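Go by the hints and put chain B onto chain A.
Number of protein chains: 2
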Amino acid sequence: MKAGIDLGGTKIQAVVVDDEHAVAGQARLPTPRSGGPEDVAEAMAEAVRQSAAQADADPAELAGIGVGSPGVIDARRGTVSSARNLPRWEGTFALGKALSSALGPRKVRIDNDVNVATEAEFELGAGRDFRSLLGVFWGTGVGGGIILRGRTWLGRGAAAEIGHMVVNIDGARCPCGRRGCVEAYAGRGALEERARHRQDKGHRTELFKIMEKRGRDRLTSGIWARALEADDKLAHKLLEEAVDALGAGVASALNVLDVDAVVLGGGLGLRLGEPYREKIEKAMLPHLFASENPPPFVLAELGDLGGAIGASLLIKT
Amino acid sequence: MKAGIDLGGTKIQAVVVDDEHAVAGQARLPTPRSGGPEDVAEAMAEAVRQSAAQADADPAELAGIGVGSPGVIDARRGTVSSARNLPRWEGTFALGKALSSALGPRKVRIDNDVNVATEAEFELGAGRDFRSLLGVFWGTGVGGGIILRGRTWLGRGAAAEIGHMVVNIDGARCPCGRRGCVEAYAGRGALEERARHRQDKGHRTELFKIMEKRGRDRLTSGIWARALEADDKLAHKLLEEAVDALGAGVASALNVLDVDAVVLGGGLGLRLGEPYREKIEKAMLPHLFASENPPPFVLAELGDLGGAIGASLLIKT
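Respectively, the protein sequence lines represent chains A and B. All residue numbers for the first sequence refer to our numbering, where the first residue is 7 and numbers rise by one. All residue numbers for the second sequence refer to our numbering, where the first residue is 7 and numbers rise by one.
Treat the hints with care, since some could be wrong.
Treat identical chains as interchangeable: a pair holds within one or across any two.
Each computed SDA-like pair below joins lysine to any residue, with the alpha-carbon atoms no more than 20 Å apart [what the hints assert, rightly or not]: (1) Lys243 x Arg204; (2) Lys243 x Asp62; (3) Lys322 x Arg82; (4) Lys103 x Ala49; (5) Lys17 x Arg90; (6) Lys288 x Pro300; (7) Lys285 x Arg185; (8) Lys113 x Asp80; (9) Lys285 x Asp176; (10) Lys239 x Glu218; (11) Lys17 x Pro93; (12) Lys288 x Arg184.
Simulated from the structure, these hints should not be mistaken for laboratory data. Bear in mind the structure is a predicted one, so any value in this text is a computation, not a measurement.
Chain A on its own, in the form it takes in the complex:
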């Protein structure tokens, strides 16, 4: 048995898997929004304890714990830096040490959250029949993962940033500060700002009413889905712009990489599902160089647990 943790800005998802990668236990806890890295680490440890209990396992006897994390990761040292979506995590925190002293297992491995999710789809999910893969994770941001010749490609450490490919040179301002990135149109963070801005300009939308009714303080993927169901014009329009940017971005990435397949995941990607996968593929084709031979473009199969399962793959048993 080994554990995997997907550390997100909203939730901490842990799994305990057996030697065949079957999920034997899982737990989801909200990510602490105050305190600091220590509190996040403690919540992560608690999620592993709950998963282990469900799997009838002793956390101290797990073969190891893999972590998919945002921020800048030093895998060798087991540290995470500049995880700006997490509370007071601007600096560097020894997450590996904190988890192993809280739980017992000496082996903790940390990697980038989208890399482990891509790896999971490649090993066990929708990408398992291919040798090279582009993972597209459409959520708060737009992240990417690349596998070439069976191995994750990291470049000098900053590869696969498909959310920051330029689709409009002088285009919209991105949360990253640059202009015209895919994420400036498609990231859930940017989408919320765009929705608010247009509402302020007089566009009518149910988005924020749904948000309030559901007691949330941001536009979650579920709220976007509900607004679409309610046929909210602004939600449709903004998501169309997101789809156009994602389509052009994925096409550009494929024009460079020409990988065997593309897997679409992420909070929004999974929540909006097949109809939006199709829309993105349709927006991609007019920009694809290999338009006569487009690669398979499929939804992630491991769903919400993909990140945590992928993290468990960091532990080789």
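Relative to chain A, chain B alone:
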């Protein structure tokens, strides 16, 4: 001794190199603009004969002939298809067989022109200190070559098409038929169309006067350089737009690949040289995700002979 041929739409450049890759002989012939593939193959054979004579070598005793070619290449069969810049080369032609029966050596190896030029810079030129590399070839079109972990990355056969990355979703029409590609702004073919279009709209330019004065029928790299020297406003303006597109495209490619270095070559790249390399780098930085740690961005070192020398590397001795 072995030979390399760079087959272009305008010229055929051949070299004969010794075992240390030093150029022992070279010849440049115009690419036939009428006739068909057989005539092009004969001109290629003649360029090798002239190079061999210069190197005091017998063409029949060369270890082999490498070819960098446009079009769709079947390396195993030694065929080239759909080379649309070459006369009547819409179909498939057994270039390998034609060359070996014209010249004697049994070993002919053919690969994509930009791949062999990238390989040449990687092995012998500006990229020799790196393990991964992006080659950017700014000429009639905008081509790319990618080397990762020391090996050329081809994807499913259509990788590295950086000229067709999207920099403006609904932007200018590209010679490839798509919209908003890098090449739509930066390729010499597209630049000539843009120049003609703006002249027709009343913009003043010396570009076509210089062309006529020099007895040419298209805007060569040299004509663009002369127009810049004459401080031609339209030439400056169009090349600025080209630089912006190239900068955004290279940044997007790096945001995906994060390679160790970028090498800029191609007819226009080499002719406009260092000042334009600098401009492109400057246009790239605002879009680069790893902006605090940009990779070295350098000019190709092997110059005009890079393609032919790279082609000779296809012959392993």
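Those earlier numbered hints the structure runs against, lowest number first: 2
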